[in-house]
Amino acid sequence: MSAAQIIFGIFEIILSLVIIVAVLAQSARNARLSGTIAGGAETFFGKNKGQSIDSVLQKWTGVGVAIFLAVTLIASWAIAKFL
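Our numbering puts the sequence shown at residues 1 to 83.
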């Protein structure tokens with residue numbers, strides 16, 4: 001194994017753990033009965049709709065997945081090209 005393979009592997013493991021934690025930290029959309037019944041009113045009248053913790057986690061999960069995909073594609077291309 002080359003040093004680049006080891007670095008890509010460690011980076012992918014760390015990034016996958018971060019994605020797992022971010023997904024598990026998000027609350028379920030139908031977690032509570034009050035959320036299903038009055039969820040629309042809470043989001044409509046909420047002042048900080050865009051800055052809630054769930055929306056921040058959702059954005060960072062998307063960014064993490066995009067970076068993970070890019071790193072995986074680059075690593076597989078590099079391994080296929082140089083091996």
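Don't read these hints as lab results, they were simulated from the structure.
From the three backbone atoms N, C-alpha and C, an ideal C-beta is built for every residue, glycine too.
Treat the hints with caution; some may be incorrect.
Said to hold, decoys possible - List of simulated lysine to any residue pairs, SDA-like, C-alpha gap at most 20 Å:
| no. | residue 1 | residue 2 |
| --- | --- | --- |
| 1 | Lys81 | Gly9 |
| 2 | Lys81 | Ile6 |
| 3 | Lys59 | Phe8 |
| 4 | Lys81 | Ala3 |
| 5 | Lys81 | Gln5 |
| 6 | Lys59 | Gln5 |
Said to hold, decoys possible - Here are the simulated distance ranges between beta carbons:
| no. | residue 1 | residue 2 | range |
| --- | --- | --- | --- |
| 7 | Trp60 | Gly9 | 19 to 25 Å |
| 8 | Lys81 | Val56 | 33 to 39 Å |
| 9 | Ile74 | Ile53 | 17 to 23 Å |
| 10 | Ile6 | Val65 | 20 to 26 Å |
| 11 | Ala3 | Lys59 | 31 to 37 Å |
| 12 | Ser52 | Met1 | 39 to 45 Å |
| 13 | Ser55 | Ile6 | 32 to 38 Å |
We went through each hint and held it up to the structure:
About 17 Å separates the Cα atoms of Lys81 and Gly9, which keeps this hinted pair within 20 Å; it holds. Taking the CA atoms of Lys81 and Ile6, the gap is about 17 Å. The hint holds against a cut of 20 Å. Simply put, Lys59 and Phe8 have alpha-carbon atoms about 24 Å apart, too far for the 20 Å limit, and the pair is violated. For the hint pairing Lys81 with Ala3, the CA-to-CA distance comes to about 16 Å; that is within 20 Å, so the pair holds.
For the hint pairing Lys81 with Gln5, the CA-to-CA distance comes to about 13 Å; that is within 20 Å, so the pair holds. About 29 Å separates the Cα atoms of Lys59 and Gln5, which puts this hinted pair outside 20 Å; it is violated. Separated by about 22 Å at the C-beta atoms, Trp60 and Gly9 satisfy the suggested range of 19 to 25 Å. Hint check: Lys81 to Val56, Cβ distance near 37 Å, so the stated range 33 to 39 Å holds.
Hint check: Ile74 to Ile53, Cβ distance near 31 Å, so the stated range 17 to 23 Å is violated. In this structure, Ile6 and Val65 meet the distance hint of 20 to 26 Å, their C-beta atoms being roughly 23 Å apart. The beta-carbon spacing between Ala3 and Lys59, approximately 33 Å, falls within the hinted interval of 31 to 37 Å. Our hint of 39 to 45 Å for Ser52 and Met1 holds, since their Cβ atoms are close to 43 Å apart.
Judged by the Cβ atoms, the range 32 to 38 Å given for Ser55 and Ile6 holds: they are separated by roughly 36 Å.
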